[in-house]
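My request is simple: use the sequences and hints to build the entire structure.
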Amino acid sequence: MRISTQQQFLKTVDNMQRTQTNMAELQEQASSGKRLQTPSDDPVAAAQVVKLERELAQYSKFEDNIDVTERRLQLEETILDSMYTATTRFKELGIYAGNSTLTSADRATIATEVEELTEYMASLMNTQDSLGEYIFAGSKGGTQPYEQLGDGSYQYNGDDGQRHIQVGTNLYIPSNDSGSYLFEAVEGRLEVGMTGASVSAGSPFLTVPPAGATFSTAFEDTDKEAAFLEATKGLGDLTVTISHDGTNSNYSITDSSGTSLAGGVFNDGDTIEYEGLAFDLAALSPGDPDTSITLDIAPEQMNILDVAQNFSTALRNVEGEELNEILATTLNQFEQAADRNLEATSALGTRLSSIEKITDSNADFKLFTQTALSSLVDADLTEVLSQYALEETALQASQALFGRITSLSLFDYIN
Numbered sequence: 001m002r003i004s005t006q007q008q009f010l011k012t013v014d015n016m017q018r019t020q021t022n023m024a025e026l027q028e029q030a031s032s033g034k035r036l037q038t039p040s041d042d043p044v045a046a047a048q049v050v051k052l053e054r055e056l057a058q059y060s061k062f063e064d065n066i067d068v069t070e071r072r073l074q075l076e077e078t079i080l081d082s083m084y085t086a087t088t089r090f091k092e093l094g095i096y097a098g099n100s101t102l103t104s105a106d107r108a109t110i111a112t113e114v115e116e117l118t119e120y121m122a123s124l125m126n127t128q129d130s131l132g133e134y135i136f137a138g139s140k141g142g143t144q145p146y147e148q149l150g151d152g153s154y155q156y157n158g159d160d161g162q163r164h165i166q167v168g169t170n171l172y173i174p175s176n177d178s179g180s181y182l183f184e185a186v187e188g189r190l191e192v193g194m195t196g197a198s199v200s201a202g203s204p205f206l207t208v209p210p211a212g213a214t215f216s217t218a219f220e221d222t223d224k225e226a227a228f229l230e231a232t233k234g235l236g237d238l239t240v241t242i243s244h245d246g247t248n249s250n251y252s253i254t255d256s257s258g259t260s261l262a263g264g265v266f267n268d269g270d271t272i273e274y275e276g277l278a279f280d281l282a283a284l285s286p287g288d289p290d291t292s293i294t295l296d297i298a299p300e301q302m303n304i305l306d307v308a309q310n311f312s313t314a315l316r317n318v319e320g321e322e323l324n325e326i327l328a329t330t331l332n333q334f335e336q337a338a339d340r341n342l343e344a345t346s347a348l349g350t351r352l353s354s355i356e357k358i359t360d361s362n363a364d365f366k367l368f369t370q371t372a373l374s375s376l377v378d379a380d381l382t383e384v385l386s387q388y389a390l391e392e393t394a395l396q397a398s399q400a401l402f403g404r405i406t407s408l409s410l411f412d413y414i415n
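The UniProt record's numbering applies: residue 1 is where the sequence shown begins, and numbers increase by one.
Keep in mind that the hints were calculated from the coordinates and are not lab data. Hints should not be assumed to be uniformly reliable.
Across the chosen pairs, the derived CB separations fall in these ranges [what the hints assert, rightly or not]:
#1 Glu187 / Gly269: 52 to 58 Å
#2 Gln74 / Leu261: 46 to 52 Å
#3 Val50 / Ser256: 55 to 61 Å
#4 Glu119 / Asp296: 33 to 39 Å
#5 Asp270 / Gly161: 44 to 50 Å
#6 Thr112 / Ala57: 52 to 58 Å
#7 Asp223 / Gly132: 28 to 34 Å
#8 Pro299 / Leu342: 18 to 24 Å
#9 Thr169 / Ala47: 29 to 35 Å
#10 Asp223 / Thr259: 21 to 27 Å
No farther apart than 20 Å at their CA atoms in a straight line, the calculated lysine to aspartate or glutamate pairs in the EDC-like style are these [stated by the list, open to error]:
#11 Lys357 / Glu70
#12 Lys140 / Glu116
#13 Lys91 / Glu321
#14 Lys91 / Asp339
#15 Lys224 / Glu321
#16 Lys51 / Glu356
#17 Lys91 / Asp306
#18 Lys233 / Glu187
#19 Lys51 / Glu63
#20 Lys91 / Glu115
#21 Lys140 / Glu184
#22 Lys91 / Glu119
#23 Lys233 / Asp296
#24 Lys233 / Asp268
#25 Lys224 / Glu77
#26 Lys91 / Glu116
#27 Lys224 / Glu187
#28 Lys357 / Glu116
#29 Lys224 / Asp280
#30 Lys91 / Asp364
We put the CB at the ideal spot given by N, CA and C, even for glycine.
Right, here's the structure in full:
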């Protein structure tokens, strides 16, 4: 095969340029520490790098979310601890107020401390985080949860929602607890809710609706409330059915399973009493269709602030046996509030412990992702420097050989 002088020159120059290009790339890798400079260097690896970098960005977001969640939960834990201390003080004052040797002035002094503690607790329950959001307002972070009304009672303006923050690939942690769950857990007097066609619209009590409906309910005292709760435990909602047999009006009371509990004949306006629950009945006329009302009887849910306000009012205005009954009820209500506080604190501890485990797991996954990314992007400097030295030697050999080739000529022998 004939090789021309021009062909030798061009091939040798091309080889040296290719070697110099390789050396430049190796030099860039050595100076930057990166093997993958542009996607064209390794398209497959570049696609994997994009995916891994997206995962790393996600873990960074998880870290931020964990920091926010942990701060909010730690703040809540601190507040609940202060609330528990205040509730314990309420119980101490309730026990002390039952001392029969105290005068009205002594009880007024106790009432003053109760009022101050109530204001302190209200401020705790309206705590805002570093971003200005109310932590006990449920999902309504911009709304102040507790507002004192004109009559001195406190109204909850939040909801029962929780904010769930993503702290892992498929893992969400509640970052707060609502005031509805934490502070509205005290049971007050029994409330009677009504459903049925015979209930008067817009009325919170059983009033005089169409014929046959109940128009009033009442528990004479707390003892009868307790007796009723005990007697109806597990029976569900009660239903009062009124009918007319052509001669008399009749009533029957059944539980949620339809089992008959009581019944009989009654006259218009008669008061019926069932296990301490008293209600009046309006008689039907002959030919009137049967009518029924479901009685949903449950304790009123109160917040601890209203319990404390009622406690203070009783200390200033009630004496004797009536005060002792109120104190007994109040102490039980404070105990309920303390129990809910402990329950929530325990749940908080579990959540914070879970966050620690999640943080460790995320750190492991992040390290694994960084290692995989490094294997695709980072250069092996030992290998790069060795390859550079090899390319440099090859270039030097090519240059030396090229110099010798260019000096070869037949004209040297002619002369």
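The hints, checked one at a time:
1. Glu187 / Gly269: 52 to 58 Å: 32 Å, violated
2. Gln74 / Leu261: 46 to 52 Å: 51 Å, holds
3. Val50 / Ser256: 55 to 61 Å: 60 Å, holds
4. Glu119 / Asp296: 33 to 39 Å: Once the Cβ atoms are compared, 35 Å apart, the range 33 to 39 Å for Asp296 and Glu119 holds.
5. Asp270 / Gly161: 44 to 50 Å: 46 Å, holds
6. Thr112 / Ala57: 52 to 58 Å: 57 Å, holds
7. Asp223 / Gly132: 28 to 34 Å: 48 Å, violated
8. Pro299 / Leu342: 18 to 24 Å: At 20 Å between Cβs, range holds.
9. Thr169 / Ala47: 29 to 35 Å: 21 Å, violated
10. Asp223 / Thr259: 21 to 27 Å: 26 Å, holds
11. Lys357 / Glu70: Between Lys357 and Glu70 the Cα gap is close to 12 Å, so the pair holds against 20 Å.
12. Lys140 / Glu116: Violated, at roughly 27 Å.
13. Lys91 / Glu321: 19 Å, holds
14. Lys91 / Asp339: 13 Å, holds
15. Lys224 / Glu321: Given that 20 Å is the threshold and the Cα spacing comes to 17 Å, the pair holds.
16. Lys51 / Glu356: 27 Å, violated
17. Lys91 / Asp306: 15 Å, holds
18. Lys233 / Glu187: Holds, because 16 Å separates the two Cα atoms, which is no more than 20 Å.
19. Lys51 / Glu63: 19 Å, holds
20. Lys91 / Glu115: It holds: about 14 Å lies between the C-alpha atoms, which stays within 20 Å.
21. Lys140 / Glu184: 16 Å, holds
22. Lys91 / Glu119: Holds, because 17 Å separates the two Cα atoms, which is no more than 20 Å.
23. Lys233 / Asp296: 13 Å, holds
24. Lys233 / Asp268: 30 Å, violated
25. Lys224 / Glu77: Not OK: Lys224 and Glu77 at ~39 Å, beyond 20 Å, violated.
26. Lys91 / Glu116: 15 Å, holds
27. Lys224 / Glu187: 16 Å, holds
28. Lys357 / Glu116: Not satisfied, since the Cα-Cα distance of roughly 41 Å exceeds 20 Å.
29. Lys224 / Asp280: Between Lys224 and Asp280 the Cα gap is close to 17 Å, so the pair holds against 20 Å.
30. Lys91 / Asp364: 48 Å, violated
Hint check: violations occur at hints 1, 7, 9, 12, 16, 24, 25, 28, 30; the rest are consistent with the structure.
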